[in-house]
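Taken in order, these protein sequences are the chains called A and B.
Our numbering puts the first residue of the first sequence at 1, with every later residue one more than the last.
Our numbering puts the first residue of the second sequence at 1001, with every later residue one more than the last.
Quick caveat, the hints were computed from the structure, so don't treat them as lab data.
Wrong hints could be hidden among the right ones.
[As the list claims (entries may be wrong)] Here are the simulated DSSO-like cross-link-like pairs (lysine-lysine), alpha carbons at most 30 Å apart as the crow flies: (1) B:Lys1156 <-> A:Lys61; (2) B:Lys1186 <-> B:Lys1009; (3) B:Lys1156 <-> A:Lys107; (4) A:Lys61 <-> A:Lys24; (5) A:Lys225 <-> A:Lys249; (6) A:Lys107 <-> A:Lys61; (7) B:Lys1156 <-> A:Lys111; (8) B:Lys1011 <-> B:Lys1186; (9) A:Lys24 <-> B:Lys1091; (10) A:Lys132 <-> B:Lys1156; (11) B:Lys1009 <-> A:Lys132; (12) A:Lys249 <-> A:Lys228; (13) A:Lys228 <-> A:Lys61; (14) B:Lys1091 <-> A:Lys61; (15) A:Lys107 <-> A:Lys132; (16) A:Lys249 <-> A:Lys24; (17) B:Lys1156 <-> A:Lys24; (18) B:Lys1091 <-> B:Lys1186; (19) A:Lys132 <-> B:Lys1010; (20) A:Lys24 <-> A:Lys219; (21) A:Lys219 <-> A:Lys249; (22) B:Lys1010 <-> B:Lys1156; (23) B:Lys1156 <-> B:Lys1091; (24) A:Lys111 <-> A:Lys132.
These are the residues of each chain, in order.
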Amino acid sequence: MGLVIEIRGLSKVYPTPERPQGLKVLDDIAFGVEEGEFLTVVGPSGCGKTTLLEIMAGLRKPTSGGIYLDGRMITDPDPAIGIVFQEESTFPWLTVEENIGFGLRMKGVGKDERERRVQEVIDLVELPGFEKRYPFELSGGMRQRVSLARTVIMHPRVILMDEPFGALDEQTRLTLGLEILRIAERTQSTIALITHSINEAVLLSDRIVVLTRRPGRVKSVIPSKLAKPRSVDTLSDALFARLVGQIWKDLREEGYRERDEG
Amino acid sequence: MKAEVAPLKKKIIATQWLVLAVAGVALGALLHFFRQPVLIPLDQILKGVWALTVDQGFLRAFSATMVLILGTFVCSTLTGCLLGMGMWRRKGLRDALAPLLQAYYALPSFALYPVFVGLLGMNVFPIVLTGWLFSFPAIALNVATGLLEVPEVYVKVGRSLSLSPRQLFFRIQLPASLPHWFTGFKLGFCYCLIAILASEFILSVSGVGRWLSDSFTGFEFQNLYAGIFIVLLLAAVIVLFLTWYEARFYRRWSVR
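Whenever a hint applies, use it, and build me the whole structure from the sequences.
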């Protein structure tokens, strides 16, 4: 399997009025995401996870370094990269099917093909019967499925997810996480997920990248050999507990470092 | 959730009707007690309304005022939308104008009407200018606020789908801010109506405002209240039309 996305020596500095040298949020980040892989990035709050994802999506420019998609440098949003946001991003003036087909309509895809693909994706994310509903008529979890469907329908090479379950309760997070795994397997998608939930990271991922506190650097890359397909039973696996412990140890060290440095 | 909202809405509407009925009875009792001749029974007002619908003098005044209100509203809408979009796009313009426009509501803009009459003469221009000055800031501020408050995540979704700036504006930013635009239109229309009727009432040779003024000074209370009733009815119909059109427009815009 080759690398779909590669991050090389990426740094990001935000200009601030208080600091002449600016605020460095990411420092020399380097890792890759392999084809068909589910990679998760975890790190302390404020370590630049969302900034990293937005740079990967072409929504922000890095200060130095770069993102490469199949060896090609990304400087702007690319149709091959889809993104699911943490915030509520379904359009309230569109129905579920119109939200999901929005990107296709903007690309000028014909009505018949659009309807066929929308129906396929609605079945995939298990929202049949809700096609004509508006987002305000759906639960938070269902709205996130609509956002996911709107991204999946575009058949991107990579799907980036910025804490998509952040606003959901624990039970819905777990269910939706496992559904995303199922969808990723069916569509053979490559996924990069940002989360602050260690359990979620271990349950879903093939590899976990742990970032240091700000400025975010890669502290460790932890491969997960947990058996597939994963389910709720995976949570009681001994390896699951070991991986969670390992990530906790890395993050705790960051916490101590922050405390010691005042 | 819907099932919980419906009874609450019914209770609110019932309370509103009860308050109106009590207020009406209390007002009637007070007027009867003080034997005030200025308020006439509702059936007399309605008879007056019917009479006015065939009164050539009133209809001429009414149509002249309507043309003025609609013309001024169109001018206010065009300038308000352009200025609002300018304030959205240009921070400097926003920083310079927003405090002025917000403070503008506190200014007695009618005080300028005699000045405009002095400058422009006793014709429709001072009335239109007063109406325009009174209504376009509401439209401009609401358009700017609506566009500025479009959630950033919607724009990010649009950018991640590689939308052109035109698609981003017409497919995301405009529909997301439309409720604010329509609030501005409704406010702008009401301000237009108030300013033009009041200007005509104060100093004019024609229009419904002048007609109401003549009825008032001539103690023709049936005509006065019938005229006010027609104006209120018209304002309510136009605001309701804008509300209905907003919902329809929102829907049509989304499926185009």
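We went through each hint and held it up to the structure:
Straight-line distance between C-alpha atoms of lysine 1156 (chain B) and lysine 61 (chain A) comes to about 14 Å, which keeps the hinted pair within the 30 Å bound. For a cut-off of 30 Å, the pair hint linking lysine 1186 (chain B) to lysine 1009 (chain B) stands: about 23 Å separates their Cα positions. Pair hint lysine 1156 (chain B) plus lysine 107 (chain A) holds up; C-alpha atoms about 17 Å apart against a cutoff of 30 Å. For the hint pairing lysine 61 (chain A) with lysine 24 (chain A), the CA-to-CA distance comes to about 14 Å; that is within 30 Å, so the pair holds.
For the suggested pair lysine 225 (chain A) and lysine 249 (chain A), the alpha carbons sit about 19 Å apart, so the restraint of at most 30 Å is met. Distance restraint check for lysine 107 (chain A) and lysine 61 (chain A): the Cα-Cα separation of roughly 25 Å lies within the 30 Å cut-off, and the hinted pair is therefore satisfied. About 25 Å separates the Cα atoms of lysine 1156 (chain B) and lysine 111 (chain A), which keeps this hinted pair within 30 Å; it holds. At roughly 27 Å between alpha-carbon atoms, lysine 1011 (chain B) and lysine 1186 (chain B) fall within 30 Å of each other, so this suggested pair holds.
Of the pairs offered as hints, the one joining lysine 24 (chain A) and lysine 1091 (chain B) holds, with about 27 Å between alpha carbons and a cut-off of 30 Å not exceeded. Distance hint between lysine 132 (chain A) and lysine 1156 (chain B) is fulfilled; the C-alpha atoms sit about 25 Å from each other, no more than 30 Å. Between the alpha carbons of lysine 1009 (chain B) and lysine 132 (chain A) the distance comes to roughly 25 Å, so the proposed pair stays at or under 30 Å and holds. Distance check on the hinted pair: lysine 249 (chain A) and lysine 228 (chain A) sit about 25 Å apart at the alpha-carbon level, within 30 Å; holds.
With a C-alpha separation of about 36 Å, the suggested pair lysine 228 (chain A) and lysine 61 (chain A) falls outside the 30 Å cut-off, and the hint is violated. Restraint check for lysine 1091 (chain B) and lysine 61 (chain A): satisfied, since their Cα atoms lie roughly 22 Å apart, inside the 30 Å limit. Proximity of lysine 107 (chain A) to lysine 132 (chain A) is assessed by CA-CA distance (about 22 Å); at most 30 Å being required, the pair is judged to hold. A hinted pair counts as satisfied when its Cα atoms are at most 30 Å apart, and lysine 249 (chain A) with lysine 24 (chain A) qualifies at roughly 25 Å.
A hinted pair counts as satisfied when its Cα atoms are at most 30 Å apart, and lysine 1156 (chain B) with lysine 24 (chain A) qualifies at roughly 23 Å. Between the alpha carbons of lysine 1091 (chain B) and lysine 1186 (chain B) the distance comes to roughly 26 Å, so the proposed pair stays at or under 30 Å and holds. Distance check on the hinted pair: lysine 132 (chain A) and lysine 1010 (chain B) sit about 27 Å apart at the alpha-carbon level, within 30 Å; holds. Taken as a hint, the lysine 24 (chain A) and lysine 219 (chain A) pair is honoured in the structure, with Cα atoms around 17 Å apart against an allowance of 30 Å.
Distance hint between lysine 219 (chain A) and lysine 249 (chain A) is fulfilled; the C-alpha atoms sit about 11 Å from each other, no more than 30 Å. As the CA atoms of lysine 1010 (chain B) and lysine 1156 (chain B) are separated by approximately 40 Å, the hinted pair breaks the 30 Å bound. This hinted pair checks out: lysine 1156 (chain B) and lysine 1091 (chain B) have alpha carbons roughly 20 Å apart, not beyond 30 Å. Between lysine 111 (chain A) and lysine 132 (chain A), the direct Cα distance comes to roughly 16 Å. Compliance with the 30 Å bound is thereby established for this hinted pair.
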